[in-house]
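Enquirer: Take a look at the letters that make up each chain.
There are 2 protein chains.
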Amino acid sequence: MYVPVDHLDHRVRGGWTPSGAIDAGLPAHANRWLSARTGLSAPPTPVAPDSGLVVPESELPAQVRAVLISIVGAGHLLVERADRLARAGGMSYVDLLGRRGAGELAVPDAVVCPADADQVRDVVVACASHDIAIVPFGGGTSVVGGVTALRGDKTAVVVLDLYRLDRLLSVDPVSRLAVFQAGSTAPEAERRLAEHGLTLGHFPQSYERATLGGFAATRSSGQASAGYGRFEEMVSALRVATPRGDWRVGVAPASAAGPDLRHLVVGSEGTLGVITELTLRVRPRPVVDRYEGFIVDGFDAGVDTVRTLAQNGALGTVTRLSDPQETEVGFALSGGWKITALRAYLRARGVAEPCLLIIGWEGQSAREMYARRRTTVTLLGKTVRLGTVAGEKWRHGRFAGPRQRDALMDIGMCVETLETATHWSTIAELRENVRKALVDSLTEAGRRPVVACHISHSYETGASLYFTTLVPRDLTDPVGQWQRAKRAASEAIVGLGTITHHHAVGVDHASYLSAEVGSLGVEVLRAVKCELDPDGVLNPGKLI
Amino acid sequence: MYVPVDHLDHRVRGGWTPSGAIDAGLPAHANRWLSARTGLSAPPTPVAPDSGLVVPESELPAQVRAVLISIVGAGHLLVERADRLARAGGMSYVDLLGRRGAGELAVPDAVVCPADADQVRDVVVACASHDIAIVPFGGGTSVVGGVTALRGDKTAVVVLDLYRLDRLLSVDPVSRLAVFQAGSTAPEAERRLAEHGLTLGHFPQSYERATLGGFAATRSSGQASAGYGRFEEMVSALRVATPRGDWRVGVAPASAAGPDLRHLVVGSEGTLGVITELTLRVRPRPVVDRYEGFIVDGFDAGVDTVRTLAQNGALGTVTRLSDPQETEVGFALSGGWKITALRAYLRARGVAEPCLLIIGWEGQSAREMYARRRTTVTLLGKTVRLGTVAGEKWRHGRFAGPRQRDALMDIGMCVETLETATHWSTIAELRENVRKALVDSLTEAGRRPVVACHISHSYETGASLYFTTLVPRDLTDPVGQWQRAKRAASEAIVGLGTITHHHAVGVDHASYLSAEVGSLGVEVLRAVKCELDPDGVLNPGKLI
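Protein sequence lines, in the order shown, are assigned to chains V and C. Position one of the first sequence corresponds to residue 908 (this note's numbering), numbered consecutively onward. Position one of the second sequence corresponds to residue 908 (this note's numbering), numbered consecutively onward.
Treat the hints with caution; some may be incorrect.
One side only, chain C facing chain V, incomplete, derived with CB under 7 Å [stated by the list, open to error]:
1) L1084
2) L1168
3) A1411
4) V1424
5) S1426
Which chain V residues stay away from chain C? Per the calculated CB distances, all over 12 Å, these [as the list claims (entries may be wrong)]:
6) R1214
7) G1402
8) Y1419
No lab work stands behind these hints: they were computed from the structure. Values in this document were obtained by computation on a predicted structure and should not be read as measured data. We put the CB at the ideal spot given by N, CA and C, even for glycine.
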């Protein structure tokens, strides 16, 4: 028997875009701008055929195969090349390079696909007793190496694909709670909640493919976090499969019954247990919405504006400020006479450093929504209003980033993102330091990097900073090119902000964790892992 | 040298009321009502003189005394009877019985009063290496045995009184953050923040005496939680003294850098470390406020009303619903012609089961505050408005509970509170079950308990339930009388709600923790404790 990898075939292709989708590539003016601005001169890089990748034979012992098949059934233990390859790593730039034939690919020895939480628990317990490493796998969208199939010191490594755990188990409309299986993808969860007039309101850029369990495991934050909160704030209860059996945490909306152990599971990235079921706070679906664009002159003024909104309860459901560089990239990749006209208009208005500010409001009634919009707009200060066209344009493309990355990689660009967060009083310094680290480490003869940044998650005490870097790829050492830049950026972050605001730790940030939580903090995490996963089979090499 | 116990002299007296305060006792009509309603017939119970209490000699070894004195100075290691007695236990009914001569008192062998975070760390490390148990002590207001000076299996037990750590270390007005030492009392912290135009907004009933470190250690929630959040939501960063040295957690407004370890320290009740410094989110002080009273007919209707407010972002800064019994107790203890007139008025309006609903709004401008008030009032449904007189009456007495308890104890009542929280769909069932458990276990010949309840903390998914029980004291076994009732109530709570919404675990709830977080949860906590406090000297017998 064979389970198709349809829902993962984009991965085999080496990117985010489904193989059947019409991929228009980038417009010609975008290519021209990239050549002029960054020095891009390489010819388009064809995607290496899947068949060219080296995939070692599965080393899963026959005895373990038999045990796993006895739990999940023969059709749900996959050892074919294509199935294993489809779960090799996540969706970072380096992962995609690996799937395009540059750099290494960690391919699991097998993929096990349990049907429900009980089967997950049984698989986890069985793997622990047979010295098999387990990599929990939801949408596979990690950009920090969180689903890389590392074997650690174990005999073999299996990817535990949760795609069959896709059910909405129950809804309590009075308490506004819904119980989901952890493998539900975000769009599927939204579709099922919509039947009840409800929404989760969690829309990260990985929305199209990511799963609810993955959101919890990585402490995800969506584009509408100002309106709906971070994912951790939606988690009311969790069921977790550990090598020592099932563990359930969370019984009430709030509690003083000791430390909040939900916050130990949330963000544990599959290293302490596999999240199998989630009780999530849900809300009525919005019936009205309005997205608008504004231009602020200068990033510092924009930060002041967003801070004022955040500290006065006046953020939109979505509130997102681009720095001058990101605004410029957006203009350049859009192109066209409208952008030319807009540039001229802004110049005429004396705007020296245009920063795009997108604000979206969603609500249960036009009256309520417009009241909130009024509160926001009153506090905006000096801005140029671009109206709903700009807002809708952002909304239309809100999940397009990963596809655009595919296209940029196709033409030979190194393109990757990283993010952090800090308090308002340090945000300017942190942005400058990270920008400088990235620009300095990537500037070489003939290569001029573009480093763009935005704020998309704002709090009373601070905000996130999200950086996108574009530079022509170093064809001789594409992995090293980015890794050096990433290291420089991470070192600029440590001490001023968190090493990650919503991408999680994975492999990429693991060496910076002790600087953030202290060596005692890391030892505490190790002690917890030792208690729950004494054999160390859960997601080796991640987090700690 | 001798440090006065002025700030704790109420404790020596056996209650909350300072010894110099004018204690008016209860009005005559309150006594009459209690007799008629509960069967109270005992004569007033005089407070046993402090000198009658048995206080064993200090068993702190001379060598340890010398070590501790070398850290804090001779004047800050207290071994006098009065100083030790003043830190014997918290403020639960059973604690107060103990200080009134009924039941046992756990008196520490010494009291150590460090000057700052460094000294706290040195004291903790020294105690760990000398097998001395440590009980961190802030305001000493625990009602669950959280500061009871249990020695465990150690040589001796010292109370670590943090009263000298009372400074505001820094303020970042841009990021709205303030760094405090942990021993700052809430009123002192508010006074210092007021100089900067700021407030913390944390007003639990223990406000007058409790400390910031205690709020964090116990996962406290204040009366204005709807407006300012639970204390855990205010905690941005913590410095913690552990036997393995200092530990700092929290670097950014939000992070995905693994599990949120702040949530492991918050609620750890001094068992994992001693919180010495806190970085807290602060807000501008309100410049306008308005408190009003409303009457809803029946608790179920009241619950629906509060739920509607909570789920529409329309709660007041304070929102508090009393059940019919609590409303009745309030009317009865107030008395007077106004209450008589109010009762007649409500009868005439056809209100069968009056439930008092107090809502307070606070804001930065009248315009903004009244806009929020309008949102609330629009959603209230059918209520009788009592106006600001009832609201101001509640506000005037908001911290009076503990003093009223002193007076009730003086006249021979058993009076204690307990609390829980659950989701909206289970709240009626939980209230009924706990009521029944308390009433059944306390009803005896000649003793008829009053069990009153309110909701004071509401969330989108549920709310807290806070029970106050009044019954004539069993003079032969006053401790057993309450302990039986507490056990019955706790067993009614387990499985339906959390064992504690904001009082913490301490000694009283420790045996129910595994039902709430699972045996794996308890083992995880033990593993963390083992890592940070390998000798087990920190607050023995609490939490786990």
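Enquirer: All hints are to be evaluated individually against the structure, with a verdict given for each.
Expert: Hint check results:
no., hint, result
1, L1084, "6 Å, holds"
2, L1168, "5 Å, holds"
3, A1411, "5 Å, holds"
4, V1424, "6 Å, holds"
5, S1426, "9 Å, violated"
6, R1214, "8 Å, violated"
7, G1402, "9 Å, violated"
8, Y1419, "8 Å, violated"
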